[in-house]
Amino acid sequence: MTQEKPTEQHLNQDVQLDLYRRQAEVRVFEKRAYDLFLQNLVKGTSHLSLGQEAIAAGFGTAMRGDDYTFATYRGHAHTLVRGVPMAAVMGELLGRESGLMAGKGGSMHLTSVEHGVMGSYAIVGAHLPIAVGAAWSAQYRESGQAAVCFFGDGATNIGAFHEALNLAAVWRLPVVFVCENNLYMEYTPIAAVTAVPRPAADRAAAYGLEPLVVDGNDVEAVYGVARTALERARAGAGPSLVEALTYRHGGHSRADPGKYRPAAEVEEWLARDPVTGYRERLLGRGIPAKILDDIDTEVRAAVDAATEAAKSASAPAPERLLSQVWTDGGSSWRN
Amino acid sequence: MAQLTYRDAVRRGIAQEMRRDERVVLIGEDVAAAGGVFKTTPGLLEEFGPRRVLDAPISEQAILGAAMGAAMTGLRPIAEIMFSDFLAVCWDMVANEIAKTRYMTDGQVSLPLVIRTANGGGLRFGGQHSQSVENWAMAVPGLKVLVPATPADLIGLLAAAVRDPDPVLIFEPKALYPVRGEVPDGDLLDTLGTARVLRAGGDATLVAVGAMVPRAVVAAERLAVEGIECTVVDLRSLVPLDVRTLLDAVAVTGRLFTVEENPRLCGWGAEIASIVAEEAFGALTGPIVRITTPHIPLPAADTLEDLARPSVDRIADTVRKALG
Ligand SMILES: Cc1ncc(C[n+]2csc(CCOP(=O)(O)OP(=O)(O)O)c2C)c(N)n1
Chain A
1 MTQEKPTEQH LNQDVQLDLY RRQAEVRVFE KRAYDLFLQN LVKGTSHLSL
51 GQEAIAAGFG TAMRGDDYTF ATYRGHAHTL VRGVPMAAVM GELLGRESGL
101 MAGKGGSMHL TSVEHGVMGS YAIVGAHLPI AVGAAWSAQY RESGQAAVCF
151 FGDGATNIGA FHEALNLAAV WRLPVVFVCE NNLYMEYTPI AAVTAVPRPA
201 ADRAAAYGLE PLVVDGNDVE AVYGVARTAL ERARAGAGPS LVEALTYRHG
251 GHSRADPGKY RPAAEVEEWL ARDPVTGYRE RLLGRGIPAK ILDDIDTEVR
301 AAVDAATEAA KSASAPAPER LLSQVWTDGG SSWRN
Chain B
1 MAQLTYRDAV RRGIAQEMRR DERVVLIGED VAAAGGVFKT TPGLLEEFGP
51 RRVLDAPISE QAILGAAMGA AMTGLRPIAE IMFSDFLAVC WDMVANEIAK
101 TRYMTDGQVS LPLVIRTANG GGLRFGGQHS QSVENWAMAV PGLKVLVPAT
151 PADLIGLLAA AVRDPDPVLI FEPKALYPVR GEVPDGDLLD TLGTARVLRA
201 GGDATLVAVG AMVPRAVVAA ERLAVEGIEC TVVDLRSLVP LDVRTLLDAV
251 AVTGRLFTVE ENPRLCGWGA EIASIVAEEA FGALTGPIVR ITTPHIPLPA
301 ADTLEDLARP SVDRIADTVR KALG
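Chains as they are written, first to last, in the numbering used here: chain A, 1 to 335; chain B, 1 to 324.
Just so you know, the hints here were simulated from the structure itself, not pulled from any lab data. Just so you know, even glycine gets a beta-carbon here, dropped at the ideal spot from N, CA and C. Some hints could be false.
Claimed, not checked - Calculated pairs, EDC-like style, for lysine to aspartate or glutamate (alpha carbon to alpha carbon, straight line, at most 20 angstroms):
#: 1; chain 1: B; residue 1: Lys100; chain 2: A; residue 2: Asp256
#: 2; chain 1: B; residue 1: Lys321; chain 2: B; residue 2: Glu226
#: 3; chain 1: B; residue 1: Lys321; chain 2: B; residue 2: Asp164
#: 4; chain 1: A; residue 1: Lys43; chain 2: A; residue 2: Asp256
#: 5; chain 1: B; residue 1: Lys321; chain 2: A; residue 2: Glu97
#: 6; chain 1: A; residue 1: Lys311; chain 2: A; residue 2: Glu97
Stated by the list, open to error - Far from chain A by the CB rule (all over 12 angstroms, computed), these chain B residues:
#: 7; residue: Ala95
#: 8; residue: Leu113
#: 9; residue: Pro165
#: 10; residue: Gly202
#: 11; residue: Asp203
#: 12; residue: Ala251
#: 13; residue: Ala270
#: 14; residue: Ser311
Using the sequences and the accompanying hints, generate a full structural model.
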């Protein structure tokens, strides 16, 4: 199994700071989303990526501006790292007119076509074949774009995962499948319901792919594997399947405390926090604390501003209810 | 003007659109080299090449997922699901992904894609290859649903579907594939949401789609011999629905009969009946009558299948008794 090595000696400081900033943005944003959920300002449900920031940040930094992202209901991070305005994402979480989809999608369906974020899908595994289609169209149009599709370990047991991988491999499509293996599907350990130890990587060979396993808590390792996979895609070498090992700090969704997880396991992974860990690594390389502190300050200010903007935005206009079922803007089904 | 079978009309309609627009691609099981299990797509691979006419694995979720992803990023795919019963295998793609995405993204994502599928009974295939399922699709907001009954309608409506910016499902009545019809020369382009009045009469309105259309027409001709004059409306498009033509017909005749292959419970005839009851109650001179398949999966034996699907005799008898 290919274990990707960190590529730190090759990264220039701008890239390192990009990786740092993207992780910080996701971390602070997600903590704020949790607070707002407890205040009943974020309704319904929300699935946070606390602890998994390195994967979105590593890929987001490696992707080209016009590449496609396909995310799951746990998609705040994947959306933010593409440069989607925080205020619009926060507005969507709060169900406001200012939201990315004016409150019609919610936390689980974040989409910003303008930024290449082609949707967040709440049916487990459904978006893998859709990402294949975007890659098919990129190949057809010879656009050089790639599609990156994020999903959980649980998604590897649904049929769509296998259908998508097979078709992508047969047609050698420019798509990168990224399994974020956080060891749990919802409340059940993935090992209890999966016949192989590595739910994604152990199946790669079945589709003629090389298994790629990466430390999903090491943002530079993720960035490295992302670059390799995206290059392969653009070179016409076909799809890649990456399994990134990680852990969610909290529960599956909402206020789930994640009590089903052994304390020692939680402790072990908290000690491998991708965000604080990377900060220490950068300090160790001699990057001045002031630079990182300034980034932290800017990120906090941005999240504060996005929060305030969302709180003061109005509820969606009632006309929105019946708009955009069809491309004519409306919902009429009769002539 | 040429005589074409419905089967050949499918090929002509797809070719017409593929010649017109480079973005149109065809994907499905056995559609390329084999020319389709119903031989609706032969020659397309030869004319348009393997880049645009693609044989897919038996992966219905991937076929529709790929069509959706391609549609949202610049192509105009036509996807074939071999038998409409198999839509159940990829119903998530149809009902949750393709149908809902435009609304959930507040209009950011357009999905100009067409799903074609062979629908309904008549070929003695039994329960899992014979069901009429256009009512499944009709119940999902965000999908347009067509059931063309003639070769010319198939071509014109297919062209309209390919050019439509929203997802359209075309249910091709498999019993009609060998049936011939007049097709005008040149490119055809029809309009979604337009019903057609095939015959005018003052005593009753028969409303049908697909394979039930020719049966309703023959039943009406028989009844005419007996002095009962029927208007026959081919809805052609269930979503969008041409309510005006429907209400106009009922206003003249006062009686409504729906003729459908759907199993009785929640077939599309129920919706038609409800619209007429709500909006044209005053025009009705007697109860609305639905002529349907019983609430059963379709049986395989020819005698049983024939009993299940509305026949010309059953249609004529039902109208005769109701008016008598
Ligand atoms: C088809 C389907 N089945 C079940 C669910 C309910 N569900 C939502 S998230 C989830 C667990 C998914 O786990 P995983 O794929 O590992 O992703 P993670 O949440 O860890 O990111 C389940 C079962 C669903 N949304 N869709």
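Point to revise | Hints violated by the structure (numbers, ascending) | key: Of the numbered hints given earlier, those the structure breaks are 1, 3, 5, 7, 8 and 9, listed in rising order.
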